[in-house]
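Number of protein chains: 2
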Amino acid sequence: MSFKSISEIGEFGLIERLAAISAPTLRNVPELIEGIGDDCAIWRTGDATLQVATTDLLVEHVHFDLLTTPLHHLGSKAISVNVSDICAMNATPCYALISLAVPSSLPVEMIEELYRGMAHAASLYGVAIAGGDTSSSPSGLTISVSMTGQTTPEKVTLRKGAKPGDLICMTGTLGGSCAGLHLLQRERATMIEQLRNKEPYDKNVMAELQEYAEAIRHHLLPGARTDIIDFFDEEGIVPTSMIDISDGLIADLGHICRRSGVGAHIEESRIPVLSEARAIAEEFQQDVFDWALSGGEDYQLLFTLPKSEYDLVAAHRDITIIGTITEKEEGLLLTDIFGMTIDMAEMKRGFDHFAG
Amino acid sequence: MSFKSISEIGEFGLIERLAAISAPTLRNVPELIEGIGDDCAIWRTGDATLQVATTDLLVEHVHFDLLTTPLHHLGSKAISVNVSDICAMNATPCYALISLAVPSSLPVEMIEELYRGMAHAASLYGVAIAGGDTSSSPSGLTISVSMTGQTTPEKVTLRKGAKPGDLICMTGTLGGSCAGLHLLQRERATMIEQLRNKEPYDKNVMAELQEYAEAIRHHLLPGARTDIIDFFDEEGIVPTSMIDISDGLIADLGHICRRSGVGAHIEESRIPVLSEARAIAEEFQQDVFDWALSGGEDYQLLFTLPKSEYDLVAAHRDITIIGTITEKEEGLLLTDIFGMTIDMAEMKRGFDHFAG
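Sequence order for the protein chains is H and C.
Residue numbering for the first sequence follows numbering that gives the first Met the number 0, starting at 0 and increasing by one per position.
Residue numbering for the second sequence follows numbering that gives the first Met the number 0, starting at 0 and increasing by one per position.
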């Protein structure tokens with residue numbers, strides 16, 4: 000018998016296999032509406048409300064590096080990424096459970112700082128940290144956050160539901176997180192080099208980071224768009240489908256299309272890119288649209304709306320219409336800034352944690 | 000500024016500090032009834048039902064060793080320990096979210112085996128695996144399971160609520176898990192020694208393990224007592240307080256007493272000990288009562304009942320009355336098998352993951 004390595008099938012391949020194994024358990028509870036395959040699980044709780052639930056894992060050396068990540072920011076981000084998944088269901092976040100595997104060498108004060116970041120973010124979003132578990136870790140720090148939220152059958156928004164002709168909309172800008180990450184990785188390399196050479200730390204580097212504070216903030220301290228969920232509620236908007244952009248625009252639009260059984264056509268020139276990210280991409284001699292399309296971790300919302308509801312979002316200064324849902328047969332198309340139309344299936348498909 | 004190491008304040012000390020930091024967030028959601036401090040968090044969902052939620056972390060080299068832990072068993076245990084926390088609230092388990100941080104070197108087939116164990120156990124308990132997250136891990140395997148359950152305001156049972164005069168009851172037997180762990184650790188040492196000496200694996204060792212299959216099963220494959228929750232429901236029993244014995248009888252009885260503001264007096268001679276554990280303790284020249292009192296991980300239920308309800312549990316063959324709740328001032332007392340009464344506060348206090 001020969002064994003398969005995870006990198007052969009990739010993160011999404013692994014998830015598919017595990018989902019197949021756990022699929023029969025979905026029938027164990029008839030109140031479950033949606034299991035694996037969306038941003039959250041959804042179940043009825045006996046009355047007119049629905050509960051949604053999600054979980055996210057942050058692993059040291061995979062998702063973050065303590066050399067360039069302040070612990071307060073990290074705690075805040077761990078909460079925000081879960082709130083973002085709850086928002087993607089058009090739901091309000093409620094309760095968080097926090098599990099920490101902590102290296103014994105990490106001082107108590109640093110774990111408290113991490114937790115203060117979590118408590119701070121939780122209060123911003125109206126979330127209660129209701130429980131958790133702690134353990135030592137023989138290697139790095141691992142943070143596991145699970146979160147539940149609440150919505151109604153009328154409002155709940157899945158990845159499936161997009162229809163040909165729907166507008167493809169997104170909030171905020173893209174590329175900032177990826178640009179910030181590039182800066183921090185360069186900073187880290189410089190710090191390690193200086194430590195190795197026993198040089199004093201060069202403060203000019205910090206000054207340059209200051210200049211790009213917004214991109215770094217996008218990476219270290221992304222915000223979840225609860226404000227958009229409130230806006231939907233006030234305006235009576237219920238998107239036909241929604242996802243948060245965590246894997247990258249192309250990958251996440253792909254998730255919507257696959258689950259909805261539709262195609263999509265977006266225009267590169269309409270994609271809102273963080274202006275600082277343009278400057279940083281230039282410095283790194285990279286294409287900022289690569290970062291915007293495939294960078295991931297911007298935690299904006301991507302959603303679809305019937306064309307008839309154009310007026311409801313057109314005036315919102317932080318929502319941009321970037322394309323149209325098409326028939327499935329047309330695939331995922333991108334018209335680039337030169338007017339060339341490309342099949343997105345052939346472009347990079349978002350971040351894979353197991354990629355060799 | 001000098002930093003404190005976690006081992007200086009211990010696991011419970013750390014939990015206390017983190018609970019203090021997150022305490023203000025509990026006010027963010029008025030429907031929350033109980034946050035950190037019990038086996039589960041509890042919240043209202045708008046009608047006559049309560050949701051409960053818990054999370055447990057299993058870390059390789061801290062909680063398990065892949066050399067002596069079949070992955071199917073490990074998956075099953077990861078589910079059972081969470082179900083056990085749900086049972087401790089007198090609730091029915093419903094949904095599980097699974098997060099895995101997996102070393103890239105672990106073949107896909109082994110992760111599938113782990114997941115099959117989870118799916119198998121989930122179906123035994125009527126739980127739906129409704130979501131999760133996967134990541135690579137730069138070191139060992141980490142499993143984080145979060146689970147929700149359901150109960151009613153009439154049935155929900157906290158750690159607080161025990162009254163002086165109440166009977167202290169427990170299910171099943173103790174010591175089995177600790178005895179099994181001792182066997183597996185010896186087995187592991189032998190295997191490593193043989194590998195080092197390039198000797199062939201000695202099958203006699205396996206034969207001896209066979210003889211003690213029950214203790215090993217108690218450690219590798221503990222069952223959660225959903226049967227007792229069903230029995231309570233049938234008989235209309237609502238304990239005044241309840242906890243699952245995961246840290247060890249003394250530690251967990253201590254949790255009930257602290258939260259209820261009471262004392263306790265138990266009798267060692269009444270504590271049901273797995274008979275195989277006696278034989279194994281003798282072989283290891285250890286006191287089986289140490290294992291029963293402080294070993295932990297037996298996942299039995301410890302609960303209190305008014306004396307007037309004695310008849311309701313007296314006939315159950317798997318429930319044993321081991322003592323009485325007393326006034327707080329009397330402390331935690333144990334009358335040992337020689338008739339000596341000892342203060343349990345001076346005995347070992349359960350397993351601390353951060354103990355140096």
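Source of the hints: derived by calculation from the structure; they are not laboratory data.
Glycine is no exception: its CB is placed at the ideal position from the N, C-alpha and C atoms.
Accuracy of the hints is not assured; some may be wrong.
Unchecked claim - Computed from the model, here is a short list of chain H residues facing chain C with C-beta under 7 Å:
1) 58
2) 114
3) 209
Hint check, residue 114 of chain H versus chain C [nearest Cβ-Cβ separation less than 7 Å]: Status holds, d = 5 Å.
Hinted contact residue 58 of chain H with chain C - closest CB pair below 7 Å: Because about 5 Å separates residue 58 of chain H from the closest Cβ in chain C, which is inside the 7 Å limit, the hint holds.
Status of the hint placing residue 209 of chain H at chain C (closest C-beta pair under 7 Å): violated (25 Å)
Hint 3 from the list above is the single one not met by this structure.
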